[in-house]
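Protein chains: 2
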Amino acid sequence: MITIKEIAERANVSRTTVSRVLNNSGYVSEDARKRVLHVIEETGYVPSAHAKSLRTKKTKVIGVILPKISTETSSRLVNGIDDVLAREGYQILLANTNLHAEKEIEYIRLLKSRNVDGMILSATNVQPELIQEICQLKIPFIMVGQQAEELTSVIFDEYQAARDMAGLLIKKGYEKIAFIGVDEADRAVGYLRKKGYLDAMKEHQLPVEESWLQKGIFDIDSGSECMKRIMESADSKPQAVLAVTDRLAIGALQYLRQNGYSVPDDVAIAGMGGSELSKYITPGLTTIDFSFEDAGREAALLILQKIKGEHGTGINRKVRYRLVERESI
Amino acid sequence: MITIKEIAERANVSRTTVSRVLNNSGYVSEDARKRVLHVIEETGYVPSAHAKSLRTKKTKVIGVILPKISTETSSRLVNGIDDVLAREGYQILLANTNLHAEKEIEYIRLLKSRNVDGMILSATNVQPELIQEICQLKIPFIMVGQQAEELTSVIFDEYQAARDMAGLLIKKGYEKIAFIGVDEADRAVGYLRKKGYLDAMKEHQLPVEESWLQKGIFDIDSGSECMKRIMESADSKPQAVLAVTDRLAIGALQYLRQNGYSVPDDVAIAGMGGSELSKYITPGLTTIDFSFEDAGREAALLILQKIKGEHGTGINRKVRYRLVERESI
DNA sequence: TATGTTTGTGGAATCGATTCCACATTGGAT
DNA sequence: ATCCAATGTGGAATCGATTCCACAAACATA
Chain A
11 MITIKEIAER
21 ANVSRTTVSR
31 VLNNSGYVSE
41 DARKRVLHVI
51 EETGYVPSAH
61 AKSLRTKKTK
71 VIGVILPKIS
81 TETSSRLVNG
91 IDDVLAREGY
101 QILLANTNLH
111 AEKEIEYIRL
121 LKSRNVDGMI
131 LSATNVQPEL
141 IQEICQLKIP
151 FIMVGQQAEE
161 LTSVIFDEYQ
171 AARDMAGLLI
181 KKGYEKIAFI
191 GVDEADRAVG
201 YLRKKGYLDA
211 MKEHQLPVEE
221 SWLQKGIFDI
231 DSGSECMKRI
241 MESADSKPQA
251 VLAVTDRLAI
261 GALQYLRQNG
271 YSVPDDVAIA
281 GMGGSELSKY
291 ITPGLTTIDF
301 SFEDAGREAA
311 LLILQKIKGE
321 HGTGINRKVR
331 YRLVERESI
Chain B
11 MITIKEIAER
21 ANVSRTTVSR
31 VLNNSGYVSE
41 DARKRVLHVI
51 EETGYVPSAH
61 AKSLRTKKTK
71 VIGVILPKIS
81 TETSSRLVNG
91 IDDVLAREGY
101 QILLANTNLH
111 AEKEIEYIRL
121 LKSRNVDGMI
131 LSATNVQPEL
141 IQEICQLKIP
151 FIMVGQQAEE
161 LTSVIFDEYQ
171 AARDMAGLLI
181 KKGYEKIAFI
191 GVDEADRAVG
201 YLRKKGYLDA
211 MKEHQLPVEE
221 SWLQKGIFDI
231 DSGSECMKRI
241 MESADSKPQA
251 VLAVTDRLAI
261 GALQYLRQNG
271 YSVPDDVAIA
281 GMGGSELSKY
291 ITPGLTTIDF
301 SFEDAGREAA
311 LLILQKIKGE
321 HGTGINRKVR
331 YRLVERESI
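Protein chains in written order, with my numbering: chain A, 11 to 339; chain B, 11 to 339.
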C-alpha cells in the first residue's frame with residue numbers, strides 16, 4: 011500500500027508537510043501544496059484511517075446494535091440515524107444480536123475495541139448487567155426504545171400509545187377487547203403496552219378475561235396462533251383485539267379471515283407500529299405510527315451532541331406517535 | 011484508555027508476553043498467563059482494534075454499499091450477508107448512497123481508507139468509471155445485482171425472470187400486456203427485465219403499443235402514475251400489466267382499484283421482487299421471489315473466499331428465483 | 001562434557017498517520 | 001541596522017498493538 015512517506019518522497023517534502031496539505035492545517039507554500047496534491051492525484055493515495063485515528067482518537071464511526079437486521083423497525087431506525095450521521099461524515103458499524111440479549115453486551119465490548127466514537131443500541135431489555143456495562147463505558151451512548159434512568163434514551167410513550175389505542179376501540183363501542191402481547195422482559199413493548207391496555211379497560215370498567223390475554227413473539231404466524239387460542243378457548247368471544255405489533259395484528263387478521271370471521275364486523279383488529287403493511291393490507295389496519303426515522307434522527311443528534319462534549323445523562327427524548335384509524339375497526 | 015503497556019506493568023511482564031496471551035501464540039508459562047489474564051479481567055481491558063490492524067493489515071470489517079437503506083431488498087440482502095459474516099467474526103460497515111450513483115465511487119474510496127478487508131456493492135449501474143475504480147482497487151470486491159465481466163458478481167437472471175413472468179401472463183390468455191419499467195441505466199432492472207418482456211411478446215407474436223411502455227422510479231406512487239398514463243393514453247387498453255418491481259405493481263393496483271377497475275378481471279397485474287407486501291395485499295400479487303438473503307449469503311461467502319486468497323475474477327454466481335402465482339392474474 | 005532443543009521472556013522495530021517543537025527565511029516596522 | 005512577527009519546513013516523538021530476534025535457562029542427547 012502507498013503511504014504518506016512515499017507521497018512525501020515523491021513530492022520532495024517531509025511527511026509533516028503532506029499531513030498539513032491533507033488536513034489544511036498550518037503553513038504550506040502554494041508550491042509545495044501543488045506538488046503534494048499532484049502526487050496524490052497521480053498515485054490515487056488514500057490516507058489510512060487507522061493510523062490516523064490511532065493518533066487522533068477519533069474514528070468517525072458510530073456503532074449501531076440492532077435486535078434484528080431485516081425488520082421494518084430496524085430499517086427505518088437505521089435510515090434516520092444514517093440520515094443525520096452521513097451529513098456529518100460519520101459511518102455506521104452494524105452489530106446484529108438476532109434477538110439474543112446476551113449478545114448486546116458482547117457487541118458493546120467489540121464496538122469499544124473498535125474505538126467507535128459512539129454507540130446507539132436499539133434495546134429489547136433493560137437488564138441490570140446491560141445497564142451496568144453501559145455505565146462503565148466511557149463512550150457516548152444512546153439507548154433507543156427502552157428507558158433507563160441512568161442513560162440517555164430516545165423512547166416512545168408506549169404506555170400512553172397502547173392506552174390511546176384501547177381507548178379508541180372502546181370509544182368505537184367495543185367492550186370485549188382481547189390483547190396479544192409479547193414477553194414482559196421487553197419492558198417497552200411487553201410490559202408498558204400491556205399496562206396501557208389494562209388501565210384503559212379498568213378506567214372504563216370493562217372486564218378482561220384471562221383467555222383474552224395472549225403472548226406471542228414478533229412475527230405474523232405467532233399472531234395467528236394467539237388469535238386461534240383466543241377464539242378457541244374464550245368463553246365469551248371478544249369483539250375486538252389489540253395486538254402490540256402490526257405483524258401480530260396481521261397474523262390475527264389472517265386467522266380470522268381463514269376461519270370465516272369478518273373483520274371488523276365480527277372482530278375488529280388494531281395493531282401498533284405503523285408498518286407499511288398496515289396501509290396496504292385489506293382491510294386497512296388501524297395502528298399507531300411510531301416515527302422510527304425520527305427516533306433514529308433524534309438518537310443521532312444526541313450522540314453527536316455527546317461527542318461534541320455536552321455530557322448529560324438521564325436525558326429522555328420522547329418521539330411523537332400518531333393514531334392511524336383505518337377500516338379494521 | 012487502558013493499554014497493553016499498562017497491563018504489562020501491572021502483571022509484571024513485557025508487552026510481548028501480554029500480546030502472546032491475547033493471541034495464544036508463542037510460549038507463555040502458566041504462571042505468567044494467569045497473572046496477565048487476572049489483570050485483564052480486573053481492569054476490563056479491551057485491546058485496540060486500530061493499533062492491531064495497523065500492524066496486521068486485517069480489520070475483520072466488510073464494507074457494504076447500498077443504494078438505499080430502508081428497502082426490503084436491502085434489508086434482506088444485508089441480513090444474508092450478516093448471517094454469514096457474523097459467524098466468521100466480521101462486522102459490516104454501512105454506506106448508503108441514497109440512489110446517488112456518484113456516491114458509489116466516493117464510498118469505495120472512503121471504505122478503502124478505512125482498510126476494510128472487503129467490499130460488497132449492491133449496484134444500480136455499471137458505468138465504466140465505477141468498474142474502473144473497482145478494478146484498480148486491490149481489495150476483495152463483490153458486486154451484487156449487476157453483472158460486469160471483469161468483476162465477481164452475484165446476480166439474478168433478470169432477463170429470464172421477466173421473460174418467464176410475461177410468459178406466464180401470456181399462458182393465462184392475456185394478450186395485450188403493458189409494462190412498467192425503470193430507467194435503463196439500471197441494466198439489471200431497467201434494461202434486462204424490459205428485454206425479457208419484449209422478447210416474450212415477440213416470441214408469441216403479440217403486438218406492443220408504445221403507450222403501454224411506461225417508465226417510473228422505485229416507489230408506489232410512481233406505479234400509480236404510470237398506470238394512469240397507460241389507462242389514459244392507450245388507444246387500446248391492456249388486459250394485463252407487468253411491473254418490474256412489486257412496489258410499482260402495487261401502485262398500479264391502487265390506481266386501478268381507485269378508478270373502478272377490478273383486478274384481475276379488468277386488468278391483471280404482476281410484479282417482481284417477492285416482497286412481503288405482495289403476499290398480504292388483496293388481491294395477492296403475482297410476483298417473482300428473488301432470494302435476496304441467498305444473494306447476500308452468496309456474496310459474503312465469495313468475499314470470504316477472496317480474503318482467504320482464492321482470487322478469481324469474472325465469476326458469476328446466479329441466485330435462483332421463484333415464480334409466485336397469486337390472485338392478481 | 002559438549003552440544004543441541006525446547007521453553008520462556010523481553011528489547012526494539014514496525015505499522016501510517018499527527019503534532020510539538022526547533023529552526024530558517026522573509027518582510028515590514030522602528 | 002535591528003527586531004519581531006508571519007510564513008514555511010522538517011525532525012522526532014507518539015498512538016497501541018504485533019513480531020522478529022536475541023538471549024537465558026532447563027533439559028535431553030550424543
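Simulated from the structure, these hints should not be mistaken for lab results.
There's no promise every hint is true.
Note that identical chains are pooled: a pair holds if it fits in a single copy or bridges any two copies.
Mimicking BS3-like on lysine-lysine, the simulated pairs with C-alpha atoms at most 27 Å apart in a straight line are [claimed, not checked]: (1) K113 - K62; (2) K15 - K122; (3) K148 - K15; (4) K316 - K238; (5) K328 - K15; (6) K186 - K316.
Quick caveat, the model's predicted, so the values are computed rather than measured.
Each hint, compared with the structure:
no.	hint	in the structure
1	K113 - K62	between (30 Å within a copy, 23 Å between copies)
2	K15 - K122	between (30 Å within a copy, 18 Å between copies)
3	K148 - K15	between (34 Å within a copy, 20 Å between copies)
4	K316 - K238	neither (48 Å within a copy, 49 Å between copies)
5	K328 - K15	neither (50 Å within a copy, 44 Å between copies)
6	K186 - K316	neither (48 Å within a copy, 60 Å between copies)
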